[in-house]
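K.L.:
Read top to bottom, the protein sequences are chains A, B, C and D.
If you read the first sequence in the working numbering, its first letter stands for residue 1, the second for the next number, and so on.
If you read the second sequence in the working numbering, its first letter stands for residue 148, the second for the next number, and so on.
If you read the third sequence in the working numbering, its first letter stands for residue 295, the second for the next number, and so on.
If you read the fourth sequence in the working numbering, its first letter stands for residue 385, the second for the next number, and so on.
Because the hints were derived from the structure by calculation, they are not lab data.
Some clues are possibly wrong.
Below are the EDC-like pairs computed for lysine to aspartate or glutamate, each with C-alpha atoms no more than 20 Å apart in a straight line [claimed, not checked]:
id, chain 1, residue 1, chain 2, residue 2
1, B, Lys207, B, Asp287
2, A, Lys60, C, Asp347
3, B, Lys283, D, Asp437
4, B, Lys207, B, Glu251
5, B, Lys283, B, Glu206
6, A, Lys136, C, Asp332
7, A, Lys136, C, Asp347
8, A, Lys60, A, Asp140
9, B, Lys283, D, Asp446
10, B, Lys283, B, Glu270
11, B, Lys207, D, Asp437
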Amino acid sequence: MIRVTVQAQGFDPAAELAALEGLAGAGGIASFTGIVRADGGISALHLDHYPAMTLAQVEKVAAQAAARWPLLGLTIIHRFGTLAVGERIVFVGTASVGRTPALEACAFLIDWLKVAAPFWKREVHADGSGDWVEAKAADDAQAARWS
Amino acid sequence: MIRVTVQAQGFDPAAELAALEGLAGAGGIASFTGIVRADGGISALHLDHYPAMTLAQVEKVAAQAAARWPLLGLTIIHRFGTLAVGERIVFVGTASVGRTPALEACAFLIDWLKVAAPFWKREVHADGSGDWVEAKAADDAQAARWS
Amino acid sequence: MADRLTLVYFAWVRDRIGAGEERVAHPGAACTISALLDQLAEGSAGHAAAFADRARLRAALDQDYVPLDTPIGTARELAIFPPVTGGDTQ
Amino acid sequence: MADRLTLVYFAWVRDRIGAGEERVAHPGAACTISALLDQLAEGSAGHAAAFADRARLRAALDQDYVPLDTPIGTARELAIFPPVTGGDTQ
């Protein structure tokens, strides 16, 4: 079961985890949820994305994980648009028979989403001003360790 | 926030995740949930444990993770007693500012719980018969990679 | 060969150009992305500002990431944007 | 020095002995866990069966894991059990 969505609206990690837990044979479920932080006094993050490309890229990363680990289920939800501090940005959930594939695939997916999915963040201050977030070389390095 | 419990009753991962997501400054929340599988046609698992020692050992593993990674929160729930197929056995949840400490600490905790917490599993068949599960050398090796 | 090429821009590239999308005459299969950016930069101050620092630009041809020295070939859509900053938190 | 030592058993060690807990005269600080197991194995078939394969036994003194060749010292509680099998799924 591979489920990938790119959406503006929020999501419920509990429902996503319950779906993964319910998969026949699932013994281990790993998840990661990303939350908008109030870094530098921002009030929101705006996520720009490339709609024609985003879903295809996220599906590509999902297919890589599914090919590399014996997963029973894999869920990726990535939001775009304007997200207030404290809101969820991204969810990755994985299910496998034993614990290791789920844990490793979850870490792999979130590392690769950061460098492969065409999203751009702009920090939004209370007065509406804001700056685009610069990419970090550390993210490329972290994704590359899976190669 | 370190929360460690060893209990017979079930738990709700959604509530645990919500508590971690609500921690001030949390940007990444990782979790792992273990589920009883129907391996070999079993109907349940019985988890024996050493009550005087269990909580202390789980707290020790939690303290090691908290010393090693900059975590904002860490939750471990481990059940004992008789658990039917499909029931949750264990939950590990971690929160950090960025994604990496949460993901690494979550994997570390579940690896170490397997080798350090005094739990013993017996597979229970529908007729009440059952055998104690043998420890796997692979678990020791997996935990040792964190050393 | 398509006779038009759609250009799409994201993040500060779009801000500097002042538009998210534009159509241009297809520069020909052999023309590289970099060469096209050079031409566009001559045409407006916004494009010049957006394309000034090539090390900070990434590209996709028909929704696949490619290096800037890639020939445009028969692609119908060229996207120009900064390195992505998605994934989890900032 | 305590004059009694509490022994606690888990999993198949308990099944073979037929009891989860018993109290014995403290064998003295210098006596190792292994030496005590030898003495106990002589006393009953159940203990002999439980302690036959030392490679499959682990021990804790006053709730701390120790090797089987550890002297019992002033400990009040000695636990004998198989390698643990907790954590996640089987």
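K.L.:
Which constraints among the numbered hints does this structure fail? Numbers only, ascending.
P.N.:
2, 5, 6, 9 and 11
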